[in-house]
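A.B. asks: Given the coordinates of chain A, assemble chain B onto it according to the supplied hints.
Going line by line, the protein sequences match chains A and B.
Take the numbering used here: the last position of the first sequence gets the number 717, and nothing is skipped along the way.
Take the numbering used here: the last position of the second sequence gets the number 668, and nothing is skipped along the way.
Hints are computed from structural coordinates only; laboratory data are not their basis.
Warning: the hint list may mix true and false statements.
Claimed, not checked - Residues from chain A shown here face chain B by an in silico Cβ test under 7 Å; the list is partial:
#1 C43
#2 R187
#3 L212
#4 V585
Computed from a predicted model, the values in this text were never measured in an experiment.
Here a beta-carbon is modelled for each residue, glycine too, at the ideal position from N, C-alpha and C.
Listed here are the chains, written in short residue letters.
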Amino acid sequence: MEKVITVCPYCGSGCKINLLVENNKVVGAEAANGVTNQGELCLKGYYGWDFLNDTKLLTPRLKRPMIRRQRGGELEPVSWDEAIKFASSRLMAIKEKYGANSIMTTGSSRGTGNESNYVAQKFTRAVLGTNNIDCCARVCHGPSVAGLMVTLGNGAMSNSICEIEDTKCILVFGYNAADSHPIVARRIIKAKEKGAKIIVCDPRYIETARLADLFLPLKNGSNMALVNAFANVLLNEKLYKPEFVANYTEGFEEYKAMVAKYTPEYTAEITGLDPALVREAIRMYAAAPSATILWGMGVTQWGQAVDVVKGLSSLAAITGNLGRPNVGVGPVRGQNNVQGACDMGALPNTLPGYYPVTDAAAREKFAKAWGVPSISGETGYGLTDVPHKILEGKIKANYVFGEDPLQTEPELSLVRKAFAELELLIVQDIFMTKTAMIADVILPATSWGEHENVFSAADRGFQRCYKAIDPPADHDVKHDWEIHSLMATAMGYPMHYNNAKEIWDELRGLCHLYTGATYEKMANLGYVPWPCPTEDHPGTPWLYEGNKFDTASGKALLFAAEWRAPLEKVDAEYPLGLCTVREVGHYSCRSMTGNCTALQTLADEPGFVQIHPDDAKQFGIADQALVWISSRRGKVITRANYNDRVNKGAVYMTYQWWIGACNELTVDHLDPISKTPEYKFSAVKLEAIADQVWAENHVQELYGKMKADMRKAAMA
Amino acid sequence: MNRFIVAEPKKCIGCRTCEVACVLAHSGTADVGSLSPTSFAPRLRVIKGLSISTPVTCRHCEDAPCANVCPNGAIVYSQNTVQVLQERCVGCKTCMVACPFGAMDVITVPATKTFNGVTVANGTKAEAHKCDLCVDRAAGPACVTVCPTKALHVVDRAAMEQTLRKRQERAALEAENSPLI
Numbered sequence: 002m003e004k005v006i007t008v009c010p011y012c013g014s015g016c017k018i019n020l021l022v023e024n025n026k027v028v029g030a031e032a033a034n035g036v037t038n039q040g041e042l043c044l045k046g047y048y049g050w051d052f053l054n055d056t057k058l059l060t061p062r063l064k065r066p067m068i069r070r071q072r073g074g075e076l077e078p079v080s081w082d083e084a085i086k087f088a089s090s091r092l093m094a095i096k097e098k099y100g101a102n103s104i105m106t107t108g109s110s111r112g113t114g115n116e117s118n119y120v121a122q123k124f125t126r127a128v129l130g131t132n133n134i135d136c137c138a139r140v141c142h143g144p145s146v147a148g149l150m151v152t153l154g155n156g157a158m159s160n161s162i163c164e165i166e167d168t169k170c171i172l173v174f175g176y177n178a179a180d181s182h183p184i185v186a187r188r189i190i191k192a193k194e195k196g197a198k199i200i201v202c203d204p205r206y207i208e209t210a211r212l213a214d215l216f217l218p219l220k221n222g223s224n225m226a227l228v229n230a231f232a233n234v235l236l237n238e239k240l241y242k243p244e245f246v247a248n249y250t251e252g253f254e255e256y257k258a259m260v261a262k263y264t265p266e267y268t269a270e271i272t273g274l275d276p277a278l279v280r281e282a283i284r285m286y287a288a289a290p291s292a293t294i295l296w297g298m299g300v301t302q303w304g305q306a307v308d309v310v311k312g313l314s315s316l317a318a319i320t321g322n323l324g325r326p327n328v329g330v331g332p333v334r335g336q337n338n339v340q341g342a343c344d345m346g347a348l349p350n351t352l353p354g355y356y357p358v359t360d361a362a363a364r365e366k367f368a369k370a371w372g373v374p375s376i377s378g379e380t381g382y383g384l385t386d387v388p389h390k391i392l393e394g395k396i397k398a399n400y401v402f403g404e405d406p407l408q409t410e411p412e413l414s415l416v417r418k419a420f421a422e423l424e425l426l427i428v429q430d431i432f433m434t435k436t437a438m439i440a441d442v443i444l445p446a447t448s449w450g451e452h453e454n455v456f457s458a459a460d461r462g463f464q465r466c467y468k469a470i471d472p473p474a475d476h477d478v479k480h481d482w483e484i485h486s487l488m489a490t491a492m493g494y495p496m497h498y499n500n501a502k503e504i505w506d507e508l509r510g511l512c513h514l515y516t517g518a519t520y521e522k523m524a525n526l527g528y529v530p531w532p533c534p535t536e537d538h539p540g541t542p543w544l545y546e547g548n549k550f551d552t553a554s555g556k557a558l559l560f561a562a563e564w565r566a567p568l569e570k571v572d573a574e575y576p577l578g579l580c581t582v583r584e585v586g587h588y589s590c591r592s593m594t595g596n597c598t599a600l601q602t603l604a605d606e607p608g609f610v611q612i613h614p615d616d617a618k619q620f621g622i623a624d625q626a627l628v629w630i631s632s633r634r635g636k637v638i639t640r641a642n643y644n645d646r647v648n649k650g651a652v653y654m655t656y657q658w659w660i661g662a663c664n665e666l667t668v669d670h671l672d673p674i675s676k677t678p679e680y681k682f683s684a685v686k687l688e689a690i691a692d693q694v695w696a697e698n699h700v701q702e703l704y705g706k707m708k709a710d711m712r713k714a715a716m717a
Numbered sequence: 488m489n490r491f492i493v494a495e496p497k498k499c500i501g502c503r504t505c506e507v508a509c510v511l512a513h514s515g516t517a518d519v520g521s522l523s524p525t526s527f528a529p530r531l532r533v534i535k536g537l538s539i540s541t542p543v544t545c546r547h548c549e550d551a552p553c554a555n556v557c558p559n560g561a562i563v564y565s566q567n568t569v570q571v572l573q574e575r576c577v578g579c580k581t582c583m584v585a586c587p588f589g590a591m592d593v594i595t596v597p598a599t600k601t602f603n604g605v606t607v608a609n610g611t612k613a614e615a616h617k618c619d620l621c622v623d624r625a626a627g628p629a630c631v632t633v634c635p636t637k638a639l640h641v642v643d644r645a646a647m648e649q650t651l652r653k654r655q656e657r658a659a660l661e662a663e664n665s666p667l668i
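Bound-form chain B, shown alone:
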């Protein structure tokens, strides 16, 4: 089973600390000074509605629509997550259209090329942009670490099974107390 991040809306206070942590974790430098309004693209978004506040992000689906529709094989399953191979992304936005959660975005970033050890600007590069579960970060997803109310959690097979087990036990008890027949 793929891992994914769930948010508990009851605990979310809409502070957007997770958004900043997400961008910094992917900035390559961890330098707060590297942020800017034009390039700020968190991979989870805090949504505030009439009666809900919660971050929304990728579910790392088992049968991922984004991966299924990608014409260039840029979206793959890896380490129990769904990942984008940016070198293959052409920015066609089919994945954006396919994702039912609005968790996929396509952004453009400055591109560079290296020739004879010299790195120069090379136009822009499109990137399918979504939660990668901070797979390269030893401490796990940055959003989960910083959330002041601990509203964000990584759910993997073991965590899911524990929850299922609890619910099954509760269902069993309820079955005893309220027989249908």
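With the rest of the complex left out, here is chain A:
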């Protein structure tokens, strides 16, 4: 038996795993002693690999290229030559007819790795000639990147995951570590054991709330008001560090004026929190010799998200909790390589290494390296622009790489309607997905485990992931970067790489942040957090040494904004607020975890809706009964799950279920800056189903048919 070092393909904790391989088959997983996981793994880490064996529990593996000669026709398996010719000629025709900006592409924040994202954006920028590339950061930590870029100059976690356990106070804001990052939850527990104070701000009594010193159950959608109230107390009670503010920050007067009215008394009605509790919490944060703020989707998936990120960043800045070890701001990234996809420039406004596309000198450098006359300086479309731009007739072709927008985007009926209008939809993936089901071209790729690559953990740590197995003999699949290279070549831009390392070396030659992060340095369990400017540099676990920020002025910008309420209001017809969340055993669109036996054994369709028992009883809904849940945009069946830990008036659904798909209900309301959807608040109603036998059969019928359709399509 062989042991191959890899990085877990699920959350952004960056856990190192030894895959156990026998006769080109993965037979088990052991925890390796990685920097962030220290020999521990969670449920998905231990039992989330057998999708590699094409279990077909949810959906089958894509094994050969397929095309649909007419939109809506049958999928037809073809040779790689024919698939590439078909896809590239249609893309060229669309570019010719409508211009480069009529084509949209995506990067992939999942198991494919940094090298393939670099190649995907190079294909988009150098070959197609547009900046229309984005990744699922748009729908998760986009606001963190946008907000922190402005306030501190770097969109990532300021300090490393390892440092969390040595901070003296953790302010957990809208972040459920136990479900999203168990291995980060472990650091929070260790911090508590070492004497840290824990403050949790969340509408639900999450696992971390159980060990918290203070729990602030704020009302859904009141984040900005609470952050402003925190700032108000810090300023009024002189709990901030005037010297740090004077020397290392800017915008103090405007900041002070903006938060002046947000006393805890003023915000009590908005947040539902006792003013004394708010004061006690922020006094605790300010009194700690070192303090860390961790946040997740509870901050970012709102119509007002970037403002809140900037507000949290300002709390850290005015209390001097930046620029040293064990402090900082921690937007903990959700998908295993969403940090990486951003690092590689799979964003419409930045090139690899975060050079803005508006920076002429950077564009010239990349254009020269890529052998093209110029690169577009026009910011491209974001992921959440796509449905609208298709309906406006501006996007005609969509090249989706390792994502399933028909499952993960808000307001799915709108997404389906828009995608039906496309002239060309290309899907490059490892599994048949809802999006692949309607694609004109399917390009099957190698999976995590079948290629080598570098991933970026949530704390900017680059790590190598080795190849464990070859794709099974009957899989006619290629590496993602090979597929993009073939497409580029067919479109008149010869592109060829022999291996992932060649791509990586090209990338680090172009980006000063990554120059020193060589494959050799990342060998085995090696871990290199960027910035790593030279080969003798060990990498940078914490940013802003000497309180020098990466903003133009070198100072941290202080920022606050007026609180805005969520878009939708609950009313008599739709009396509950739906918030979409995560559960520990499943991940993203579920094409991977849904094919893992252990994970599917613990939880399966149609998923569930968490509801407070008092609310459930009011609507005549029994625990574990199947129910209808509907919003102004759609209606799905799911299972009621009585949960004392959720607040009354709100219900919670996890977003990976294909039958109980919460995104049929969510609203396409976006943060004005980051364009991130307000997944956290949609008005819904629940209806009991009298005939539960019928309902159970109905779910089984829907599920059975869906799986049969997927199989039939993939096996065509």
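C.D. replies: Same frame as chain A, but now just chain B:
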């Protein structure tokens, strides 16, 4: 003293990794593919209440109610643990009723019989089903190994004595600092 597993609720994050490890450790194959929702029967269960998350499992009692009530002598003390001799279990559920922790379950599993070297299906067999402390597993209980927050521990005589000693020392110090008379 019998060994047993304790969980620290403060460290439990409710992830159920222990449940899967338990089932796999007793599957005979360690093959993840052998799991299924219908046969999934972990010997410890993660319970989540309003303010607690913790696995609950057998305490391997010194005077075990399950062993005391078993009409067929199927539950015995062995290797400082309480074990079920499955060949003697008739599935009467008396042990389930007796256990105050809800740690005993009775399940049915497919039975086989072997005749002339040929193994054939033979209906179902009842099994009193509870934590066996992975007595046949060299590395010890599988749940303890996988817990990502190290919330599970095996407690034996030595570990218990160490804890008792610490508590006695603390009590002694407190007695000095806060005299009752």
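A.B. asks: Now look at each hint and say whether the structure bears it out.
C.D. replies: Hint check:
1. C43: 5 Å, holds
2. R187: Cβ of R187(A) sits 5 Å from chain B, so the hint holds.
3. L212: 6 Å, holds
4. V585: At about 5 Å, which falls below the 7 Å cut-off, the nearest Cβ of chain B leaves the hint on V585(A) intact, so it holds.
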